[in-house]
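Turn these sequences into a full structure, and let the hints guide you.
Sequences listed follow chains L and H, in order. Quick note on my numbering: the first sequence kicks off at 1 and runs consecutively. Quick note on my numbering: the second sequence kicks off at 1 and runs consecutively.
Hints may contain errors.
One-sided excerpt, in silico: chain L residues whose CB lies under 8 Å from chain H [said to hold, decoys possible]:
1. Pro-90
2. Gly-97
3. Ala-100
4. Leu-101
5. Leu-232
6. Leu-265
Read the hints as simulated data drawn from the structure, not as lab findings. All residues carry an ideal CB built from backbone N, CA and C; glycine is no exception.
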Amino acid sequence: MELFTNQVLAGIATGAIYACMALAVVMIYQAIDHLNFAQGEMAMFSTFISWQLMQWGVPYWGAFIIALALSFVGGIAIERILFKPLAKAPVLTNVAGFIALYAIINSSAGLIWDFTIKQYPTPFGSSPFLGSQLISTHQAGMIGVTVLLLIGLYFFFQYTRIGLAMRAAASVPESARLVGINTSWMIALGWGMASAIGAIAGMLIAPVVFLEPNMMGGVLIYGFAAAVLGGLTSPFGAVVGGFLVGIFENLAGTYIPGVGNELKLPIALALIISVLVVKPAGLFGRHIVKRV
Amino acid sequence: MSAVEDVVTEAPAVEAVPKRAMTLGTGTSVVVLLLLIAIPLFAKNFVIFQLTQLLYLGLAVLALNILTGGSGQFSLGQSAFYGIGAYVTAVMMEQFNIPYFLCLPVAAVVCFGAGFLFGQPALRLSGVYLALATFALATAMPQLLKLNFLEKWTGGVQGLVVTKPDAPFGLPMSQDMWLYYFTLVVVLAIYIFSVNLLRSRSGRAFMAIRDNEIAASAMGVNVALYKTLAFGVSAAITGVAGGLSAIAVQFVAPDSFTITLAIQLFLGMVVGGVGWLPGSIVGAAFIIFVPNIAEGISKGLSGAVFGVLLFLVIYLVPHGARQVAILGQQLAGKLRKN
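The structure is reproduced here in structure tokens:
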């Protein structure tokens, strides 16, 4: 039993990483209706910017805020310059665009900051949390930040005019336009916010997985899986999904014989798919009724 | 929005392509075929090898095109079927000494089974959910191929070396050239099969499902059967492509069949034009040659150059090579009138 609790705790700790990333994925899905494959790379780039600032002597929180602001502007810029012209193109063409963006960011980051692994500081320290060997204060801080972010987003979307406008633009663009919402800019805003949330995720994840251009590859896959499991329409679902995926992954690695590290990912994904077969819109997603 | 349930009119994720627009005219087809037959006679062995690569990757893109462009289902798991096909061929050739041309049909049958079975759970999913499911298949495949108890046949992480077949009947041809013509014949046969498939009752059923699943089922199309059938056929063709690649590359290893391959095939389909079968070869050319060109322009930034080139292509022709072909046709039509 103790092994079980320990594995669940460890799962929650890794789950916090996935939850952060899943939240960013859901944000952009809400705004543009696509999964952004370049999301992880954008987060990685933001993290590198903050690292570079710290190298130049900016204190942690200063670098954090500047990187956040730059990511927000950068996300909007990417939408305006690269993806607005593709708004009328087929969905699959857009996906190809995301892959292109992925290649561009990954390769540029490799050229600017090279591929060596770098240490990244944490503001929370890394001593054991409440005497537990499995969760460090950093991981606890990460869970805290994720929850705060979720609460913040909830209030933003439920109680502010601009949050309402963004939801309207995402769910019924035509009607939103008719009542005077600038839907095109709402999409750009969605990109900016997703990019900023991704930046937060990246800066929280970097102390755990270390900083390098490919650091987000694995994390993004789990983030997608978490978002899909929780339901792509629900930020809350994404966070729950993140923790669930972390726990799944750890329990599968411990209890199913012969799994080991190599098969962890396929098994976690297989479990998620089994859940989806029963609940096709994810655990907390809105069920969509189709008509001809 | 407070309603728990949204009601939406289903918009197809893949735009409707009429079936006549899926192929080339007879005249153009003959010209392309003659070119494909003639080029190797004047080329070096390495170029011939690259052309062979172009053909079998084109075949894999074509398979994805039948699935996505034909039946509207999206898959990131094509690399898994490609890997199964390659391994079935390699294991049969090397461990059981079965001639290569007999291995390909077996690969097709095995992959058809795998695809058909995988299509069953996939029935419940669509869009990004289906993408995730197929993605899971793609990430699992290299690990499955490395499994210990299969190592006796698959060679584990090391993979298997495949002997390249000689030209039969003492034909005065290099191995590369023989393999090229062999691949060409196989690819042509499957191309003709695919064109006819899409024109048949089954093909019409695929397209009805693609355009509107609910309407299709109301018209009496057995949605479950045809969706899984599309998966099966696509997997079978991908398997043959994988088998051809195993023979041509003379080597199979688990890490050649990762998600990267599936993404390349996807890009090939988009660049060639979703739902336009001849575009598959254009798409294959893109995924083989453009990375090389990008590397030639800048070694350190090859990924970025590739991304920029890809962006250029999708800006200029968001509908892929099909758009170019349609423009060409219209231009030719105008010239004829003048």
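What are the numbers of the hints that this structure violates, sorted from low to high? Result: no hint breaks.
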